[in-house]
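So the protein lines, in turn, are chains A and B.
Residue numbering for the first sequence follows this note's numbering, starting at 5 and increasing by one per position.
Residue numbering for the second sequence follows this note's numbering, starting at 5 and increasing by one per position.
Derived by calculation from the structure, the hints in this document are not laboratory data.
Misleading hints may appear alongside valid ones.
In this list, chains with the same sequence are indistinguishable; a pair is considered to hold if it fits within one copy or across any two.
[As the list claims (entries may be wrong)] Straight line, CA to CA, 25 Å or less: simulated BS3-like cross-link-like pairs of lysine-lysine:
#1 K60 - K19
#2 K56 - K7
#3 K19 - K56
#4 K76 - K60
Here is how the chains run, residue by residue.
There are 2 protein chains.
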Amino acid sequence: MKKDNVISILSENMKELRMKANITQEELSFRSGLHRNYISDTERGTRNISIKAVEKIAQGLEVPVEDLFVNKNK
Amino acid sequence: MKKDNVISILSENMKELRMKANITQEELSFRSGLHRNYISDTERGTRNISIKAVEKIAQGLEVPVEDLFVNKNK
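So here's chain A without its partners, still in its complex pose:
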């Protein structure tokens, strides 16, 4: 079931944008400078990360930060 909270929204957008970029979690980890477990947890929606970490993920995905927070379930 899709959820309407910020952690779930980030999780879904991150996965979708990573798939679109056609890169693995390992590659995103390398590009963003974040640990692979950190990437994996965030994509599963089990972490309340900081906005600086979100910025690194956005840079790794080459998207603006706001794209990671768009709520597509509204």
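Dock chain B against chain A, hints included.
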């Protein structure tokens, strides 16, 4: 000088949206359930806050989370 990093972007948008809502930092603190110093620091761009905290601020301002991350300097 305007900066292009996520903390500055959040800081500027938060201030602008709070002014638009015509509420004080104290009122936003009450509405979001975050301490007034926390609101003040975030608006000054001196804190790397979590995404759950951003969600509370967005709820207090009655805006979608993504509105707080739009980069208007691009």
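So, going through the hints one by one against the coordinates:
Proximity of K60 to K19 under the C-alpha cut-off of 25 Å is found in both arrangements, the shortest distances being 15 Å within a copy and 24 Å between copies. For the homomeric pair K56 and K7, the shortest alpha-carbon distances inside one copy (23 Å) and between copies (14 Å) are both at most 25 Å. When the C-alpha separation of K19 and K56 is checked against a cutoff of 25 Å, the pair qualifies both within a copy, at 18 Å, and between copies, at 19 Å. Taking identical chains as interchangeable, the C-alpha atoms of K76 and K60 lie at most 25 Å apart whether they share a chain (22 Å) or sit on different chains (19 Å).
Of the numbered hints listed earlier, not one is contradicted by the structure.
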